[in-house]
Structures are given as C-alpha cells and as structure tokens.
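Heads up: the sequence lines are chains A and B, in that order. Read left to right, the first sequence gives residues 379 to 1024 (the numbering used here). Read left to right, the second sequence gives residues 56 to 730 (the numbering used here).
Hints in this document: simulated from the structure, not taken from any laboratory. Please note that a few of the clues may not be correct.
[Said to hold, decoys possible] Facing chain B, a subset of chain A residues (Cβ under 8 Å, in silico):
1) Lys544
2) Val547
3) Lys549
4) Leu555
5) Asn559
6) Gly562
7) Lys566
8) Tyr615
9) Asn619
10) Lys674
11) Tyr678
[Claimed, not checked] Computed from the model, here is a short list of chain A residues facing chain B with C-beta under 7 Å:
12) Phe548
13) Lys558
14) Trp862
[What the hints assert, rightly or not] Reference listing, derived: stretches of chain B covered by chain A, where coverage requires no fewer than 3 residues with Cβ under 8 Å from a Cβ of chain A:
15) 264 to 273
16) 477 to 490
Beta carbons: idealized from backbone N, C-alpha and C, even for Gly.
So you can see what is in the structure, the chains are spelled out below.
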Amino acid sequence: MSNPPSHPEHPPIDPTNFDLILIGTSLPSSILAAAAASASVSKTILHLDPNPFYGSLFSTLSPSHLSPYLSPPPPPSPPSPSTDYSAVPLFHRSLTTPISLPPLPPHLPHNLALDVSGPRVLFCADSAIDLLLRSQVSHYLEFKAVDQNLIYDGERGSFIAVPDSKFAVFKDKGFSLTEKNKLGGFFKLVNAHLSGDANLCISDDDLETPFFEFLTNFGLPKRIIGIILYAIALADYDQDNTEDCNNLLKTRDGIDRLALYHSSVGRFPNAHGAMLYPMYGQGELPQAFCRRAAVKGSIYVLRMPVAALLTDKDTGHYRGVRLASGQDIFSQKLIMDPDLVVPRDLALSTPANSETTSNHSCSRDFEKKVARAICITKTSLKSDSSNLLIVLPPRSLYSEQATSVQALQMSGNTAICPVGMFVVHLSTLCNDANQGERLLTAAIDALFRQPNSGSANDDPGESPSKNSDGPNVVQEEQRPVLEWRALYIQDITETRRVSANESLCFPYSSKLIRSWSHPETITPAPKQHHRFEPMKTLEVQVRGLGGWDWVESPAALVISGLGGGHFRVGVGLRGGECLFWEWSWAGLVESVHTICTTPSPDGNLGYNDLFDATERMFRQMYPGEVFFPEQAAPEDNEDGEAVDPE
Amino acid sequence: MHGRPRKPSKPEDEVASAAKASKLRSLQSQFLHFHHNHIYEKESIEVSAKLLEMNPEYYTAWNFRKLAVDHLLAQPLADPPSILNEELRVAESALRQNFKSYGAWHHRKWVLSKGHSPVDLELRLLDKFQKADPRNFHAWNYRRYVAALKNIAEEDELKYTTNMIEKNFSNYSAWHSRSILLSNLLKRKAKGFYPKEKILADEFELVHQAIFTDPDDQSGWFYHLWLLEQTVKEESPWLSSSWPASGSTVSPMHTADGNTLLLVLYFSQPVRGVNSSSVIVTTELAESKALTWRPLPLNNSDGARSWVALLKFPSLQSDDSTAHPVEVNLGYSAEIVSLGGSPLSNDFQTKFVVRFQQPDIQHVEEQEPIMWEDSNFKKDEMNFEESDLIPSFNQLQINKDQEGVASKWKVDILNDEVLLFRELLSAMDCKIGKLTLAKLLMALDTMFFESSGSKSYKMVYVEEVLGLYSELMKMDPPHFHYYKEQHSLALLEQITSSKDRLLRYCWCYKNSGTNDRSAVWVRLNNQSLSQIGCIERLLWVQNLDLSHNELGSLEGLEALQLIERINLSNNKLKGFTSLAPLRHLKLLKVLNISNNKIGQHTIDTTRYLCPSPLSNDWKSHPSSVHDPQLLKYFDAFLIFRDLTLTQLNISGNPVREPDFACFIRKVIPTLKWLE
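When you get a sec, could you build the whole thing from the sequences and use the hints?
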C-alpha cells in the first residue's frame, strides 16, 4: 500500500475504508447517498465530486461556471503505479457538447442561476414529492408554483392555456361549447377509469392501443388531442404518425400521465397548477439530498477528482479508488456519475465472463440525445404570469418537427435571477446535434425577438404576427427580446428497464452474441436451438434500446439457463429479429452489485423516471433495505408546509 | 365535504360517544335547572356555552342565551359589545363543531341584528367557512344577510358568485345566490342591468360553459331552468280568455232568480282585485253595478286565474228577439294585479250579444240517461264550422303591437338555445338536456302565438316535444309522472291549438239537434292525459268526455263553469276529495266517475289538504253530526251536497257498499239515475 503523499490542497481523508464511495453528486448519486445513509444498517459513505459545486449534470450554475463545465475536461493524469493493487485509469467523458456558448454581454447581471439539466418541474402528486417528504429532504427546499401551462399553436402563432381540470375548461374562453363538452366528457371518463369501478374502466384492449388513436376514437377535436398528448401527457414524439414514430404513447401510459397531472392540481392549497419548481434552481435538489446524507454521517469532499480505480491483482475485483491527491480509499461498493467511464476489464474480471470482455463496446456513441437551450430575457413570454411552461408540439414550428419542445420560463421570484429578468430553459429530444440545433433555433425564433433586428423578417413563414387575430396571439411587439442564449447537446445514457419478478440492469458486460432473423424465436423459446431451455418469459419494458436504431419494439425476453451459472437473454423483436446476450449469474450479480453508474438527466420534464431508476438501483445494491424508511413522527410536517410558494 | 361514504362505527367510537352522551346528559339537566329558574348568572351562561359547543343543535340552549343576553343588556352597567362578542365566540365555536347548525347560524344573525358587532369580522369568518365548504348554503344565506347589513352592493356580491362559480361550477348555492341577486338587480333596473335581454344573454352564455363542460352536473341545468323562466315569463298578467267569448251571441238561462248570465274571466296568471269597480260591464238591460266577482277555486281569495260573476236580467222578455250588446272592460283601473303586484299588461275589452230564447227550446228535460258509448256519438250532420258554436280563438281585443317588439329578443334567445341543445344532444344522450329542449320548444310554440297575434298557435314543434317526453318516460322511470304530466299539457296545447284541430274532437250525441252549443260534445277520451290544461280555450264547453285517461286530479276543471255533462270514467281518481273541483260546477247534471279508484284506500291522503270533519266546514252542518252515514262518507258529502245531479255513475269503484247508494240518494235528491 502506498503512503498517501501529503498534499497542501487536499488534506488526507480519514478513515480510508468505507461501505460505499460515490463519485459525482448528480441527483441519482445524491439520492443513493442519502438513502444508503438512512438505511436501517447505516452505511459509511464517502461522496466525492471533482467539481467545486454540487449536482454535476443536475447542478445550477452561474454563467461563468456554465461554459467551463459544459466543455470537455482535461485528460486525467496517469495513475501512479501501485504494488498491492492494479490501478485502472478512470476516464471522464463529457456528456455535453456545446453548440453555442457566447459570453454573457456585460450589460446583463451575472448573478443568474442556470440549470444544466434543462427545463424540469416536479408534479405536485409525483412519487418524487412523496420521496422528498418521506426522506425529510423537503425541509431543505422551498418551491414556487408554475403559474401557467401553455401550448403553442403554430398556425396562429398564439398560446393556448392548457385546461388542467373541468373547472379550467369551464373558465376558458378559447374553447367552443362543443370542445368543452368533449373535453369535459373525456376528463370524466378518465376519472371514472381511475375510480376503479370495473364498469367504468377503459377496457384492457383499449389501454394497449396508441393514445392518439384512443383520443381520436373518443371524438375529440384535433386541437384538443394535441393539448392532451403534448401538454398534459407530455409526449415527446409526434403521435400522429404511427409508422414513423419512435415513441408511441400507449393509452395506459397516457391515462397515467393525465391522472398524475389531474391529481397534482390542487394537491397543495397554496400551489395552483400542477407543477412546482425549486427555489434557487434545480441544483437545490441534489444539494438537499447530499445535506441529508451528511446529516446522517456521510463525508463530502468536493474538488476531488478520482484518478483510478483499484482492483485486486489476483481476481480483478474492485477494491477502491485512488484520488487525485494520491490517497487510496477502499470500499465495498462504488457508484459513479455517468460521465465517468468504467474501465473495460474491471467489472468483468470474473473468470466466467472473461471471454465477453473483449467485445465490450465502450465507444459511447449515444443515439439518444437531448438538445437544450438557455435564454435570458427582460420581459415575460406572457404578460400576466411570470413562471410558465410552454410546449411547442411536433409540427407546430415546421412540418418535419418530430419532437415537441418544452420551454420553462422562471422569473426572479424563484431567486434564480434578479427580479425583472426571466430565464427560459428549452429542451427537445433529437437524434443528432444538427436536428436539435435546428429545432431549438426555430423555437427560440418563434418565442423571442432578436435584439438587433427589430423585426422578424428572417423567417417570414413562421412569423406569428402575420395572421394575428386573437387576443392570445404573440404579437411581434409582445415577444420578448432575447438578451442571451446558450445551446448545447446532452447525451442520454439509457437505463434499461426490464421489469419482471425482479429488476435487472443490462450491464455493460453484456455481449451481443448473435442476431438473426427468425420469426419463431420470439415466443415461445426457439425450437431449433436445443440448448435453449426457457426458464421464464418476461415481459420487457425497454425504453428504447439505445444503441440499435433498428430496434422497434421488443416483444419478449427469454432467459435460458445454459448450465454452469451461465444464461442467455434473448429479446425478440417485431419483424422476427432476435437478440441474445450471454452472461453468468455471478458476473451479473458482481457487476451490478459492486459498481453502478447512475443515469444521466433524461429528456423528460418530470423527475419520475430518474427517481424510479435510482430506487431500483438502491434495491439491487442493498436488497434487504428499505428505500428511505418512514421516519417516526417527531419532525413530521404537514404536506402543505413542504410547499411554500410565497 | 360531499360524497363521503359513511363508515360503520368502531367499538372505541361507541365507547367515546357513550361517554359524550353521559356528559351531555349531566350538562343538560344542570342547564335545564338554570333555564327553568331564569338564572342568568355567569355560571349558568357558561354551562349553556359548554353544552352548545358539544351539541350545537340544542335549540333550547340558544334560546336561553338569547334571554340571558337580553337580561344582561338590560342591566344598568351593561357593556353591549363585550356581551355580544361572547355570543359571537360561542356561535363560532359551535359552528366549528358543525358548520351546518341552523341554531348557531340563526343565533349569530340574531346577535348581529343587535347592531353592536363589526360586520367586517363576519365577512372574514364567512370566507373561511366558504373556503372549507364552498357549497354550504347556510354560509351563503348568512352572507346575503351580512352583505345587506353592510350595504355591500349587489353588483359586488354578484361578482363574488362569479368567482366562486369559476372555482367550482358545481355549486348549487352559488348559482342560487346568483339568481337571487340577479332578480333584485333586474327588478330595480340597476345600472348596467338593463335591458334585461342583454343580461339574460350573458347569463345564458355563462351557464352554457358549465352545462357543456359537464352535462351530468345538475347545478348548471337548474340555473338554466331559472333563466328560461326569466326569459319566458311576463311580469304583467293579461286576460287570456273570457266567457261569453267576444263577438258571440248568447242566451241567458232561466233560473228561479230570473234570467242569469254567467260571466267568466280567465287570466294568464293568478290575479287579485277583480271586483265591480275594476271590471266594468256595460249593458242597457241588466244591473251591472253590483256584480259580485268570485275567484275560483273559492278558497284562493289571495288570487286566482279564473273569476266568475252572475249577470242578472230583471225580467223575462220572451217576445224580445232583439240583440242586446254587452261590453266588458277591464284594465282601466290598476286594481287588478298579479300576486307579484304587476298590473294588467293592457286594457281588455270583450263585446258580445245577448239574445233571449224561448224557454221550451232552451230547457229540455232529459228523457233518458246519457250513454257514453262511442256508438252514441256521430260526426255527420255537423256544421260546427259554419256556426259560431265554437268561439273563435284569440278573440280578445288587445293592442299587441308593443308586445310583439318586446318579445322578439325572447324568440331569438329561445331559438339560439334550441340550436345549442340540439347540438349537445346530437353528441350525447342526456335526460335533462332532452327535458330542457322540450321546454324550450314548448315555450317557442306558445310564444309565437303571443307575438304574432294570429288566430291560432303555430305549434311547429309540438310533435317533437311529445316525442321527447315519450322518450323521457322510457329513459327515466323515476320521473315518469312528471314527464307524463308535461306530455298531457303539450298534447292539450296541440289539441286546442286551432279551431280545425279542436273540431276533430267534437261530436254529436244521438239525435240531438246541432244548432245549439249544448249539442257539442268535446271528447278527449283515450288520450292518456294525466293532467288537464289549456282551460282558457275550453271555457265554452258544456259536454266533456275525459274517460279512459290517467287523470289523478281534476284541478283546473272548476273554471269550466258551463259544464253540464262530464265523463271521468276509467281514470285514476283515488278519492272523493280529488273530485273537489266539481263542487263549483253549478250546472253539472250528468257525472260519470265509474271505474276509478275512489275509496281504494281507507284513508284518503288528499283529505289532509281539504276541509275535514274537524274543520269549520263541519260546524256549518251541525245537524249531520248525528248521522252515522254522513260521518262515514263525509268526504263524499262535501262534494255531492252542492251538486244537483240527475245522473251519476259510480260503479266500478272500490266504494260500493249498499248503504253508499242510499247515502247518495239522500244527499242528491234530484238524482234520477244512479249506477
């Protein structure tokens, strides 16, 4: 064991042995730290972050910090040799690619808090809110309500208020009576369905149909369908085009999202609307969880990069980390933010899996990306409200627009900027940077005015002032002047969800051993391959398999025992393709349970998927433990206190 | 607050409630001791407060506190604000216990009426209560009271209801409050609330939002019904019909008192103030000065739709065949007003001619009983069309010009509503939507008449209305009877809509002559009517067949003063008391009430609404007290004692003991034929 060199900047960490080390303070990592610290058998935890701030990709940064963070970091220094352990260098990969990051003009104040993770809100009835309350992290947070939810009407260049309840439908002056009737009827149907009365429920067959089809069959007008799909159910992709749609929302999911939205409205008496935004920015969330973990005894060290992972020279198993300061720290388990790359050989070094490691794809050419933009203005997008969400649905900006753009405007009353300023975060899913840039640029042009041009004659086709006839029309003069904007692309690391009796993560060690066309191999298990003995057929719920764009919709997952602790997993795909991976149970258990990588920010507006993925990770890591056990009552607060918009 | 299922009580709850009950009992006995001894000391007042905080429904304790307050205020050194503040506190904590406690709200009102308490506090308290339960009608009532005390403009309160409705439009109390405020504002034509049609159009617009957003929520529909009523209703009453009809020729009757002529005035709504000075009858022959106008039914002295008077001619002038014109004028004096105080809409005048006839033609004694079988009636040889036996319709001389202009907006509103609800119904099946459409169409059909001044109702929608009610009867069995009644009324509107149509229901009896009005038999049998309507268009009828219908009540029939023969067999009349309207038909000779359900129940529930042996009516017949038969059939006695029937058919009813026939013969000595 090497002696830690004394470093003036980095005093040595004591103790040197922990149950869990976390690298990076992204929201999932922070939640995991807090959860592990709150577990019934409390874990000793060291939480490191190379940055001088909390949150990593979930942080809230000032403009001067933003641009260095989004740009790729310097390569890590090579690890110093070690005698007892092999030191595997840990690579940092940047998940963000700046497209345009101009310096903030001097006339603008620099005390702005910009969210790296894009437009994001909490729904009042979210499981995330329950988690905040249960973990008592809510004590460290305050929220503001998002006053208005709007959807952009591309044809008229105007905003339509999204009706969140039948009372909002009643009040709205923009809908015809027939539209009100249809919408009211639909809300009623959904409520009846959710009430659980078997006679009123929507049939299972209907629940499996695309939501778009269901809404159309209900007889809703097209305009209303758009509102429900993109502004309430927050569908990302164009739902109209059933052939060329990456992510067709099922009725079941659509209804669930609608239910979340509806139950969110009015949950907290002092928050009208469905959505909440944390005071001081999204970065408060990881920070609050870290604080919770620290209260429970975790040790936090910022500005501390990790140079290498230490593995057992004989077995290749993970043992610890070597800090940039040179100190070696040991732990049972390791959790890393997604911008750190697992060294190739490490997790797979169990003998059973040695053959598969060679093929390990580490290139990380992520197919799924999200384009984000941050805009600064001095006037609100809508004069009568300061905090608002605007959805620009597919095809509202131009005909090839395949994904919807979400824009969240926050004002000075959330303390993210001086009063009188507005920060607008935009994001949209995209396949490549060009597509994302084009879409966001169009959205920005539709919402804002360029400071120098004075009139928007750069794009007459989309100029909303052309056919302005309603009171809601975004007049040229009403559009806020764009003071500054930043544009960047972020890769999304997929969390592959396999739901069954237990949840599994596809570890990086999986090796694609074969893919071939064979219709019968879907279900039941393939006949020709005599070694395949199906153990169980699982329903697969994979949110896109990421790396393979020809994957349409997985149909079945077959786990077949191969003997000797090995098994194969096959995913039958629509069109008769079948993919197989081969693992050993031991390797799976080892890799999942020792080193985990947390998910990156996704393209969603809500936090639910991230919170769910985090909870699943926790359950895999600590199977016997409760994820934030219910606290005994003394410091319990009422629901209302957690949310304090004023 | 609403829609919460009741949970079965747990054992521990029962223990707790038993403990509470014993505590209440001891408090109560303590309290009653103080109360009976008029002890208004500190201790006794505190006991009552404790009691009320536990059980706000205990009225006696509230009354005790009122007595105590009055007692304390009368003391020389009383400090009214502090005494009353204590009362407000008790009432408030009682309301916290049960915010629907009538006693507590009333007590608060009483305290406030003393005038020593700041009203602003009340508004703040109300805001809390109305936030906790926006539909609490106690709070809404109290709010109107406080607003009046504080002189809050009704316009502002109306805005408040708008806000509440926008928060949650499923709020009967808010809509109701709105209707009250709006009625007041419209009535006094407050600034911005005139003309009425503009306001009503805005209100329709508002309530449409609620109805279309959630058609299953009834609160909006109720407000819509109220709006419809506001749109259709005429403040001012008018004379809808009279007998003798304008322009007709009539003959007086020979009676023991000489020649008399019955005058009937029928108004569009109940009126009062009909008397010899407000109705001027001009004739050269008769004594018209001292005419006595009686309302029908008699007990409705407050106001009635029909009023009758008997015009007496001095002596028989059998050789006189000249025409004597009679003129009836009303409206010149403002005495005739509706129950709401509105005077007649116009001056009304009817002119008719009296011609004396030979007594032998006029007064034919019946030689044989009337047989109501279809075979006895015929259509041929009738020339009613040419004669004026059936009085022409809409014969009143009214200047309708202004009426027509004023009504155009009503027709417009109704037409818009009809279009809208047709659209709603095309999208969904909705009971209350169908009912509303039916009401709208019916209102339109009758409104055309009023505005156009034509000779007959247009009745363009009546078939559709009848269809809607028939559907509703099938769709919504619990409200079958209501739809049936509406169906009956619509059907009668249709039948009596024009002379031609009504002629289809007019028949001749056997060989009797056709030159006399008494020869016209109006046969509305087999129409499945459950209610009688359109009385104003049937005032002239002398022979009426309503058999084989579903009538359970004869209300309205009393205005048909000329009726001599009526067939009510095979209906659903349940007791003698339901025959009460017949008492007023002084000319009735032939009555058929066979095959009804008279006497089915030993206890006739309708009698509770009518004079009974215990009422004064009984005392006016002291001799009958000792007649056991009279006692037994007292209900029947009250009906039949006033009638001079010659023919009565009462067979097929549950009442058929032999002594009943005997009783009837005793009561109606004129009876010739009894079945």
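These are the hints, each one checked on the structure:
Because the smallest distance between the Cβ of A/Lys544 and any Cβ of chain B comes to about 5 Å, under 8 Å, the interface hint for this residue holds. The closest approach between the C-beta of A/Val547 and any C-beta of chain B is roughly 5 Å, which is under the 8 Å cut-off, so the hint is satisfied. At its closest, the beta carbon of A/Lys549 sits 5 Å from a beta carbon of chain B; the interface hint therefore holds under the 8 Å criterion. The beta carbon of A/Leu555 is positioned within 8 Å of a beta carbon in chain B (closest approach about 4 Å), and the interface hint is therefore held.
At about 4 Å, the closest approach between the beta carbon of A/Asn559 and any beta carbon in chain B falls short of 8 Å, and the interface hint on this residue holds. Interface restraint check: A/Gly562 against chain B, minimum CB-CB distance 4 Å, threshold 8 Å, status holds. The interface hint given for A/Lys566 is met, as the beta carbon of that residue sits about 7 Å from the closest beta carbon of chain B, less than 8 Å. At about 30 Å, the closest approach between the beta carbon of A/Tyr615 and any beta carbon in chain B exceeds 8 Å, and the interface hint on this residue is violated.
Hint status for A/Asn619 relative to chain B: violated, with the closest Cβ pair at about 28 Å, above 8 Å. Contact between A/Lys674 and chain B, as hinted, is not supported at the beta carbon level, the nearest pair being about 38 Å apart and thus beyond 8 Å. Against a cut-off of 8 Å between C-beta atoms, the interface hint on A/Tyr678 is violated, since the closest Cβ of chain B lies about 44 Å away. At about 5 Å, the closest approach between the beta carbon of A/Phe548 and any beta carbon in chain B falls short of 7 Å, and the interface hint on this residue holds.
With a least beta-carbon distance of about 5 Å to chain B, the hint placing A/Lys558 at the interface is held under the 7 Å criterion. Hint on A/Trp862 is violated. Least Cβ distance to chain B is approximately 39 Å, over the 7 Å limit. As drawn, the region 264 to 273 of chain B meets chain A at 7 residues by the rule of a beta-carbon pair under 8 Å; at three or more, the given contact holds. Look at the region 477 to 490 of chain B against chain A: 4 of its residues bring a Cβ nearer than 8 Å to a Cβ of that chain, three or more, so the hint holds.
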